[in-house]
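Assemble the whole structure, with the sequences as input and the hints as a guide.
Numbering (the working numbering), first residue to last: 1 to 85.
Hints may contain errors.
List of simulated lysine to any residue pairs, SDA-like, C-alpha gap at most 25 Å [said to hold, decoys possible]: (1) K42 <-> I53; (2) K46 <-> C10; (3) K34 <-> G14; (4) K42 <-> V15; (5) K46 <-> G14; (6) K42 <-> C26.
With beta-carbon atoms standing in for the labels, derived distance ranges [claimed, not checked]: (7) E16 <-> S58: 27 to 33 Å; (8) S58 <-> S24: 16 to 22 Å; (9) E59 <-> A19: 25 to 31 Å; (10) V15 <-> K42: 15 to 21 Å.
Worth flagging that the hints you see were computed from the coordinates, not collected in a lab.
For glycine and all other residues, C-beta sits at the position ideal for the given N, C-alpha and C.
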Amino acid sequence: AQEEIETQWCDFCGVEGEAMMHCSRCLSVMYCGKQCQVSAWKQGHKQQCEHFISLDSSENASGLSESSSEDLGEDEIGWRVGSGR
1 AQEEIETQWC DFCGVEGEAM MHCSRCLSVM YCGKQCQVSA WKQGHKQQCE HFISLDSSEN
61 ASGLSESSSE DLGEDEIGWR VGSGR
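What follows is the structure, given as structure tokens:
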């Protein structure tokens, strides 16, 4: 049987690919590269990210540490490779 490869899209520019990077804070959005990630952060993902984290923590009932809700600068935005990490 042939294994299907999951196609993913950049949440900022919409480009399609197989090796997108997840936001390392919320893991809810994917980007094709650092430029799209930084642009999305500046255009509002920062607020969305905090919302996704609060939704996730309420579902898991694990709470957040104080440091996870601190403001991150452009250089502190992290990401993780698709489903690999």
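Which numbered hints fail: Violated hints: none at all, because every hint is consistent with the structure.
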